[in-house]
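A.B. asks: Given next are the chains, with one letter for each unit.
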Amino acid sequence: MLNKTDWILDPSSCPGFLKAEKIAHVEKSGQVHHTEHLHLKIPKRYGLVHITPLVEEIIDRSGVHDGFCFVSAMHITAGIYVNDAESGLLEDISKWIENLAPFGENYKHHQSGEDNGDAHLKSFLTNHALTAPITNGRLDFGTWQRIFYAEYDGLRAKRILVKVAGLAP
Amino acid sequence: MLNKTDWILDPSSCPGFLKAEKIAHVEKSGQVHHTEHLHLKIPKRYGLVHITPLVEEIIDRSGVHDGFCFVSAMHITAGIYVNDAESGLLEDISKWIENLAPFGENYKHHQSGEDNGDAHLKSFLTNHALTAPITNGRLDFGTWQRIFYAEYDGLRAKRILVKVAGLAP
Amino acid sequence: MLNKTDWILDPSSCPGFLKAEKIAHVEKSGQVHHTEHLHLKIPKRYGLVHITPLVEEIIDRSGVHDGFCFVSAMHITAGIYVNDAESGLLEDISKWIENLAPFGENYKHHQSGEDNGDAHLKSFLTNHALTAPITNGRLDFGTWQRIFYAEYDGLRAKRILVKVAGLAP
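These protein sequence lines are chains U, C and B, in that order. Mapping the first sequence onto my numbering, position 131 (from 1) lands on 1202, and the numbers just tick up by one. Mapping the second sequence onto my numbering, position 132 (from 1) lands on 1203, and the numbers just tick up by one. Mapping the third sequence onto my numbering, position 136 (from 1) lands on 1207, and the numbers just tick up by one.
These are computed hints drawn from the structure, not numbers from a lab. Careful: at least some of the hints might be erroneous.
The list makes no distinction among identical chains, and a pair is therefore deemed to hold if it is satisfied within one copy or across any two copies.
Lysine to any residue pairs mimicking SDA-like chemistry, simulated, CA-CA at most 25 Å apart [unchecked claim]:
| id | residue 1 | residue 2 |
| --- | --- | --- |
| 1 | Lys1093 | Arg1217 |
| 2 | Lys1179 | Ser1158 |
| 3 | Lys1166 | Lys1179 |
| 4 | Lys1099 | Glu1127 |
| 5 | Lys1090 | His1121 |
| 6 | Lys1112 | Thr1206 |
| 7 | Lys1090 | Ser1100 |
| 8 | Lys1179 | Thr1123 |
| 9 | Lys1166 | Ala1095 |
| 10 | Lys1093 | Thr1206 |
| 11 | Lys1166 | Asn1177 |
| 12 | Lys1179 | Thr1206 |
| 13 | Lys1090 | Lys1115 |
| 14 | Lys1179 | Gly1213 |
| 15 | Lys1112 | Val1097 |
| 16 | Lys1179 | His1121 |
| 17 | Lys1093 | Trp1215 |
| 18 | Lys1115 | Glu1162 |
| 19 | Lys1115 | Gly1213 |
| 20 | Lys1090 | Lys1112 |
| 21 | Lys1179 | Ala1156 |
Model the full assembly from the supplied sequences, consistent with the hints where possible.
C.D. replies: Pasting the structure below:
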């Protein structure tokens, strides 16, 4: 049975992170576009893991001083969201998602041989991507805003796209 | 009564697509901004229809090599989302949306003469807009990511805004 | 007890708006990036309030002719969304959010001394941020699209970030 122990809830890091891969870096007339893919393999089926530091490293490497950072799961069984990194809250969020889009229902999608219909629905609740603002070379966030990766079908290789675009200093 | 036959579920095309209208094209110092409106009239009240090819054509016409493609329903009774184009999953998604934001409830909005209160709520579940990354002139998507238009109050003329912004080659 | 009177539902203005603070304005090769923080203190715990005019004023001050306007709550107990400004609908939306993410449950987050676990979950339903398109110096919106701020833990000072980025005329 699916229970809370099937979720990795990590308010401070991203278990299963493998590497950052540089995809493209383009500069033109003071505009910088920098793209990397984060490779990861979450060691449980479900997870909510903190990725703000990984994103901030990419912003540093981009050299963008003012602009946007776009972060997207490259899969349709995962999500990216902004919320608080309090550990009790992570448990609340995981239960809320599981309750609204439960595992193990008789989804039509399973007739295609899959068993992850719930993962597709869960991704609507967190959204699969977000945009974050960059001002003075840093995330222009409020005190408690943190970026999380939500895994709904883990134990396999996944990627997160991060594209930073904006003005050089 | 509302039932699944009221939904058009099309994993490969957009029934009711009418035309793409060019709204604006601006270039400055190697930056390109290109905007089109897609006109459509979905032939049922509800629908989940595949629009990735329509978006890709606009990216091609924009000439943007690296940047973002913003896709938005211009109505508050429709949505835009990224997920898999598997036909069973489309049915799962339609039932999940209908269950969480059902048609025919006694919504206060109906006192204004409307009967589409459910459509407004449904739009929160899918979101009404999304941003997609463009790298090397193409959508920088994972294997199964596809863009869908979600119609929650069809049988009437609607528009989707697509704005492509980024660096020329 | 929480009831509908605890919600401020304002389809035409933002009660509790305090001031707009200019954070940054950068121009380079015809690209303009302009950032402001809106300060507000919603006078009830919950609220759905109309902020399109406040956003439009910032777009005017930015001088951007074609581009994007990014609007984000800087808190993880609030949201930003686009929908209709019909007053009955605001009541429907508030009830729908309360029903799917109820106040007063036995959330684990409350063991940290907080009582706003519901607010964190509510923010997933509306999302916490949005991107809006700007064409010819104005929001490129459909007839009924309006920007709302959703407060889920009010009676305290909050901020909304607005970053406008794009091409000068």
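A.B. asks: For every hint, state whether the structure bears it out.
C.D. replies: Here is what the structure says about each hint:
no.: 1; hint: Lys1093 / Arg1217; in the structure: both (23 Å within a copy, 23 Å between copies)
no.: 2; hint: Lys1179 / Ser1158; in the structure: between (34 Å within a copy, 9 Å between copies)
no.: 3; hint: Lys1166 / Lys1179; in the structure: both (23 Å within a copy, 10 Å between copies)
no.: 4; hint: Lys1099 / Glu1127; in the structure: both (23 Å within a copy, 24 Å between copies)
no.: 5; hint: Lys1090 / His1121; in the structure: within (15 Å within a copy, 33 Å between copies)
no.: 6; hint: Lys1112 / Thr1206; in the structure: between (31 Å within a copy, 24 Å between copies)
no.: 7; hint: Lys1090 / Ser1100; in the structure: neither (31 Å within a copy, 34 Å between copies)
no.: 8; hint: Lys1179 / Thr1123; in the structure: between (36 Å within a copy, 23 Å between copies)
no.: 9; hint: Lys1166 / Ala1095; in the structure: neither (38 Å within a copy, 40 Å between copies)
no.: 10; hint: Lys1093 / Thr1206; in the structure: both (23 Å within a copy, 12 Å between copies)
no.: 11; hint: Lys1166 / Asn1177; in the structure: both (20 Å within a copy, 12 Å between copies)
no.: 12; hint: Lys1179 / Thr1206; in the structure: neither (45 Å within a copy, 34 Å between copies)
no.: 13; hint: Lys1090 / Lys1115; in the structure: within (18 Å within a copy, 46 Å between copies)
no.: 14; hint: Lys1179 / Gly1213; in the structure: between (41 Å within a copy, 23 Å between copies)
no.: 15; hint: Lys1112 / Val1097; in the structure: neither (29 Å within a copy, 39 Å between copies)
no.: 16; hint: Lys1179 / His1121; in the structure: between (32 Å within a copy, 18 Å between copies)
no.: 17; hint: Lys1093 / Trp1215; in the structure: between (29 Å within a copy, 21 Å between copies)
no.: 18; hint: Lys1115 / Glu1162; in the structure: within (15 Å within a copy, 28 Å between copies)
no.: 19; hint: Lys1115 / Gly1213; in the structure: between (30 Å within a copy, 21 Å between copies)
no.: 20; hint: Lys1090 / Lys1112; in the structure: within (10 Å within a copy, 42 Å between copies)
no.: 21; hint: Lys1179 / Ala1156; in the structure: between (35 Å within a copy, 13 Å between copies)
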